[in-house]
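S.K.: Sequence:
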Amino acid sequence: MGMAVTALVTTAAPPLGMCNASRTHRELGNADQKAREESERLRQQEREQAIEKRKRDMMLRARVAAKAEEKRLELLYMQWVEHHKKLSNFLRTKAEPQIYFMPAKPIIDDPAIAEENKEKAFEEWKSVRRAEMTQFQKQVEGQYISNVERQLERLQNARNARRGTGPSNMQEMDKELDSHRAEHGPKTRRLPEGGNDDEDVEDMAAEDELMDEVLGVSEANNEDPTKPSEEATDGAPVTVQ
1 MGMAVTALVT TAAPPLGMCN ASRTHRELGN ADQKAREESE RLRQQEREQA IEKRKRDMML
61 RARVAAKAEE KRLELLYMQW VEHHKKLSNF LRTKAEPQIY FMPAKPIIDD PAIAEENKEK
121 AFEEWKSVRR AEMTQFQKQV EGQYISNVER QLERLQNARN ARRGTGPSNM QEMDKELDSH
181 RAEHGPKTRR LPEGGNDDED VEDMAAEDEL MDEVLGVSEA NNEDPTKPSE EATDGAPVTV
241 Q
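Take 1 as the starting number for the sequence shown in full-length UniProt numbering and just add one per residue.
Hints are not guaranteed to be accurate.
Here are the simulated DSS-like pairs of lysine-lysine, each with C-alpha atoms no more than 25 Å apart in a straight line [as the list claims (entries may be wrong)]:
(1) Lys85 / Lys71
(2) Lys120 / Lys86
(3) Lys118 / Lys85
(4) Lys138 / Lys86
(5) Lys53 / Lys34
(6) Lys105 / Lys118
(7) Lys126 / Lys138
(8) Lys105 / Lys86
(9) Lys118 / Lys94
(10) Lys94 / Lys53
(11) Lys105 / Lys67
(12) Lys71 / Lys118
(13) Lys118 / Lys86
(14) Lys105 / Lys120
(15) Lys85 / Lys126
(16) Lys55 / Lys138
(17) Lys55 / Lys85
(18) Lys71 / Lys94
(19) Lys67 / Lys55
(20) Lys67 / Lys138
(21) Lys85 / Lys105
(22) Lys86 / Lys71
Restraint-style ranges between C-beta atoms, simulated for each label pair [unchecked claim]:
(23) Gly29 / Gln49: 51 to 59 Å
(24) Lys126 / Glu96: 18 to 26 Å
(25) Ile108 / His84: 18 to 26 Å
These aren't lab readings, by the way, just hints derived from the structure by calculation. C-beta atoms are modelled at their ideal positions from N, C-alpha and C, and glycine is treated no differently.
Use the sequences and the hints to build the structure in full.
M.R.: In structure tokens, the structure reads:
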């Protein structure tokens, strides 16, 4: 009677050190992946914050420029009114070009009535021109804001067109972010009621800088992309009536 001998083959377990090394390698790989994801998340968050800050800066710049333009128009209006008041002492022809003249004899014998009529006509003219100037100033402000909104829309469309997973697109967005940092670097200011704590406040100095630029707004308007187009200035009250 033959006896069958069954051989049991057992697989030896890997050394404990090899298991620990493999597990450590996987953990390091996972930690590195999480670190890259977190870094990219923070980078994307910084990009979005830079875009939002640029929007605020452009809108603020447009509003400041619009206010400066309103003040300039107001000064022109005051000069216009003063000039017209001087001309109201004369009579003028209806035919164009109008000719202003002083009659040899007063048309109305009573000086008080003549003065009253003159003041009434002047106030009526001033009221009409004031309404026209106010409406024109509103159009100028709206045009400044509209120009900025169109610029922001074009920038957003350009970003959407570039957006993708390719490294070249991400590098281009990073260059744009670096350019924004260089242009709008952090500006620090001590808060007036901050005690002994120093805080970095990037946006607090923006309005001061822009208001300083207003002092040279007449020169800046020539290069300001938010300046109203020539169509917006059509119909401006520029002639004396």
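S.K.: Looking at the structure, which of the earlier hints fail to hold?
M.R.: Of the numbered hints, 4, 5, 10, 11, 12, 17, 18 and 23 do not hold.
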